[in-house]
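Enquirer: Start counting the sequence shown at 1; every next residue gets the next number (our numbering).
What the hints contain is simulated information worked out from the structure, not anything from laboratory work. Please note that a few of the clues may not be correct.
Have a look at the derived ranges for each label pair, beta carbon to beta carbon [as the list claims (entries may be wrong)]:
hint: 1; residue 1: 73; residue 2: 256; range: 30 to 36 angstroms
hint: 2; residue 1: 105; residue 2: 303; range: 54 to 60 angstroms
hint: 3; residue 1: 391; residue 2: 583; range: 20 to 26 angstroms
hint: 4; residue 1: 76; residue 2: 243; range: 32 to 38 angstroms
hint: 5; residue 1: 134; residue 2: 256; range: 35 to 41 angstroms
hint: 6; residue 1: 380; residue 2: 255; range: 19 to 25 angstroms
hint: 7; residue 1: 200; residue 2: 173; range: 29 to 35 angstroms
hint: 8; residue 1: 105; residue 2: 391; range: 38 to 44 angstroms
Glycine is no exception: its CB is placed at the ideal position from the N, C-alpha and C atoms.
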Amino acid sequence: MPAGIRRRLPRLVAAAALGAGLAAGWALLTPATYVAEAQLLAASADAVPHSAARMLTSRDFARRVAGRLELADQPEFVGGRGSLLDTAGRIVGLVDDPLRTSPEERVLTAFMNRLGVVPVDGGLAVRFSAQDPDLARDGANAVAEEFLALSRDRRATPDEEASRLLAEIGRVEARIADLEAAQAAPAPRPAQQRLQQELADAEAAAADAAARVAAIDAISTGRGAAPEYGADAGTAALAALAARVASLGTRVDELSATLLPAHPDLKAIVAEFEAARARVAAESRRLRAIAAQEAAVRGAEAEALRADLAAEIAAADQSGAAEALAKDAEFQRALLDDLTRRLTQRRAAAAAAPMPAPIVVRATAPRDPAGWSVGSFALAGALGGLGLALTAFGIGALSPRRDRRRLAAGVGPSDAAMPEPVDLPAPPFASDLVSPLSGDDLARPANDDVPPGARDDAVPPHAAPFAIEPDSVDPADDDEAGTVTLDALRATLLADGASTIAVVSLVASGPGIDLVAASLGDSAAAEGLRAIVVETVHGAGGAEPGLCELLDGKVGFSGVITRHPRSRAHWLPAGGTAIDDALFGSAQLRTVLEALEMTYDLVLLDLGPLGDAPGRLSLVAAADHVVLITGAAEEGRAVSAALLRSGITSLSLVSARDVAARLAA
Numbered sequence: 001m002p003a004g005i006r007r008r009l010p011r012l013v014a015a016a017a018l019g020a021g022l023a024a025g026w027a028l029l030t031p032a033t034y035v036a037e038a039q040l041l042a043a044s045a046d047a048v049p050h051s052a053a054r055m056l057t058s059r060d061f062a063r064r065v066a067g068r069l070e071l072a073d074q075p076e077f078v079g080g081r082g083s084l085l086d087t088a089g090r091i092v093g094l095v096d097d098p099l100r101t102s103p104e105e106r107v108l109t110a111f112m113n114r115l116g117v118v119p120v121d122g123g124l125a126v127r128f129s130a131q132d133p134d135l136a137r138d139g140a141n142a143v144a145e146e147f148l149a150l151s152r153d154r155r156a157t158p159d160e161e162a163s164r165l166l167a168e169i170g171r172v173e174a175r176i177a178d179l180e181a182a183q184a185a186p187a188p189r190p191a192q193q194r195l196q197q198e199l200a201d202a203e204a205a206a207a208d209a210a211a212r213v214a215a216i217d218a219i220s221t222g223r224g225a226a227p228e229y230g231a232d233a234g235t236a237a238l239a240a241l242a243a244r245v246a247s248l249g250t251r252v253d254e255l256s257a258t259l260l261p262a263h264p265d266l267k268a269i270v271a272e273f274e275a276a277r278a279r280v281a282a283e284s285r286r287l288r289a290i291a292a293q294e295a296a297v298r299g300a301e302a303e304a305l306r307a308d309l310a311a312e313i314a315a316a317d318q319s320g321a322a323e324a325l326a327k328d329a330e331f332q333r334a335l336l337d338d339l340t341r342r343l344t345q346r347r348a349a350a351a352a353a354p355m356p357a358p359i360v361v362r363a364t365a366p367r368d369p370a371g372w373s374v375g376s377f378a379l380a381g382a383l384g385g386l387g388l389a390l391t392a393f394g395i396g397a398l399s400p401r402r403d404r405r406r407l408a409a410g411v412g413p414s415d416a417a418m419p420e421p422v423d424l425p426a427p428p429f430a431s432d433l434v435s436p437l438s439g440d441d442l443a444r445p446a447n448d449d450v451p452p453g454a455r456d457d458a459v460p461p462h463a464a465p466f467a468i469e470p471d472s473v474d475p476a477d478d479d480e481a482g483t484v485t486l487d488a489l490r491a492t493l494l495a496d497g498a499s500t501i502a503v504v505s506l507v508a509s510g511p512g513i514d515l516v517a518a519s520l521g522d523s524a525a526a527e528g529l530r531a532i533v534v535e536t537v538h539g540a541g542g543a544e545p546g547l548c549e550l551l552d553g554k555v556g557f558s559g560v561i562t563r564h565p566r567s568r569a570h571w572l573p574a575g576g577t578a579i580d581d582a583l584f585g586s587a588q589l590r591t592v593l594e595a596l597e598m599t600y601d602l603v604l605l606d607l608g609p610l611g612d613a614p615g616r617l618s619l620v621a622a623a624d625h626v627v628l629i630t631g632a633a634e635e636g637r638a639v640s641a642a643l644l645r646s647g648i649t650s651l652s653l654v655s656a657r658d659v660a661a662r663l664a665a
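Please take these sequences and the hints and turn them into a complete structure.
Expert: Structure follows, in structure tokens:
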């Protein structure tokens with residue numbers, strides 16, 4: 001597992017647990033929903049027309065089924081405020097409060113939201129959801145049965161085209177009978193008056209049919225209303241349907257000004273408006289064809305009567321009148337034959353392809369609720385929380401990486417501020433300890449894992465490793481009460497996962513004091529962690545460029561980071577010149593630390609003796625853990641108490657005597 005993930009593993013686990021808990025709570029608080037499905041299967045190609053889906057989802061159809069099921073008595077349809085998601089939508093203003101509408105409107109809205117009509121192979125599937133499985137079953141079956149009842153009513157309606165043809169045939173037959181009677185007896189001279197009256201009637205009928213065509217066109221295009229036809233129920237019904245379309249259009253415009261396009265009410269009224277408009281178009285085409293055909297027939301009849309009248313007027317004898325009657329009778333017989341042929345074809349088509357009723361597959365009560373289980377919700381929530389946590393860590397890593405690139409290019413921010421330095425008491429430094437160890441006794445080999453650009457010239461070959469003796473400190477020693485050994489400190493730091501550790505000494509000098517940070521870095525490198533030791537005490541790295549030159553912008557990271565000469569960790573020396581105290585509180589130093597924290601698993605800040613450079617103490621507040629090397633227990637407790645009061649939350653006391661005993665071997 002990468003060290004960065006290992007350090008953040010508790011937070012990732014907490015985020016996943018929080019997401020799982022929230023998702024499981026959501027699933028437990030949301031009522032279970034059951035979905036039942038009934039099917040309308042086609043016995044023929046026309047048994048379930050394509051317009052059936054629009055009819056099943058119309059508000060008029062929903063009103064009939066809701067009344068049949070008595071949904072007004074069901075609390076989930078009329079009394080509730082919806083799901084938790086709907087409540088959140090109302091809080092942010094995306095969803096209207098349903099209690100502000102009428103109970104009937106709430107029932108219709110809930111019914112249409114729970115009804116789904118989807119095409120399946122051979123018909124339609126009607127799906128209805130409810131919190132009660134029996135109600136879900138009854139709802140799906142009620143929708144299918146209501147559609148079946150409407151289909152039966154439609155098949156029982158007489159064929160209007162066949163009825164019109166029968167009426168035309170009767171009228172033509174009566175006309176032929178009159179002509180035959182006139183041919184049998186001598187035509188009196190007043191025949192001109194009769195022909196004139198018939199011509200006037202035929203012209204009036206033709207004009208009436210043409211006016212009806214114009215009225216139907218005006219209704220279908222919305223340019224006017226239909227005149228009142230007492231005997232023409234089809235045109236009157238079309239006018240009423242067109243008025244309904246206009247009313248729905250006005251309602252759609254009103255709702256569009258206040259509701260979002262995805263709002264259920266707006267979608268429902270738009271669907272009803274589109275269905276009504278399609279019905280007006282279909283009915284207009286049918287009625288217009290009938291009226292146009294009638295106008296043509298009446299016009300032809302008027303033309304024939306004009307010819308008859310002209311012949312009657314022109315005829316001066318009985319033979320001319322008889323010839324006109326014969327022509328009229330011949331025309332009427334031809335018209336009768338045409339009407340009879342059309343009626344026969346109509347009846348044959350109806351007999352050959354009757355519209356059968358659709359086959360209804362009734363729904364059964366569902367056993368299991370629809371949707372995800374609580375475990376699935378918890379798993380999805382855990383993955384979501386884990387993803388959000390990883391995203392947050394990634395976003396937080398962008399700024400340090402950007403600042404690191406800027407600093408490597410010699411450009412750094414100028415307005416950022418470091419944490420305030422810690423106000424610590426000036427300790428009486430111990431001076432009775434032996435001098436530090438020599439570097440030759442503590443040299444050790446460098447690790448082969450070197451980042452690109454790291455220098456190798458300061459790495460002594462085949463150096464001896466650190467040796468930490470197993471000797472323990474006597475707990476009864478008053479000078480070392482409350483301290484930890486280096487072994488315990490190493491185990492604590494590796495288990496704690498701290499990314500930045502500050503090492504501060506309360507003694508001016510002593511054997512191994514300046515090697516504590518290197519020893520901890522070596523232990524971290526042995527565990528597979530990428531560690532770096534940052535020296536802040538001038539002279540620890542000789543005259544090589546280091547932290548001072550990096551903060552001044554003279555060099556980049558690749559010019560100052562090398563492998564530590566005495567451990568397997570990497571090393572950033574203090575530099576060839578002393579670091580000004582002002583630089584310890586600068587934004588450049590903070591950027592350097594953030595870049596190092598992003599690159600390495602462990603950053604060890606060797607701050608040296610406490611009293612040498614007070615400016616270095618500003619780095620104590622930026623560390624995740626503080627290691628305090630003390631020579632006397634009372635002195636260490638006083639300084640650690642001051643650190644804890646200043647906000648330091650993780651601190652370890654290490655005895656200088658234990659350091660000398662373990663690092664002197």
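Enquirer: Which constraints among the numbered hints does this structure fail? Numbers only, ascending.
Expert: 3, 6 and 7
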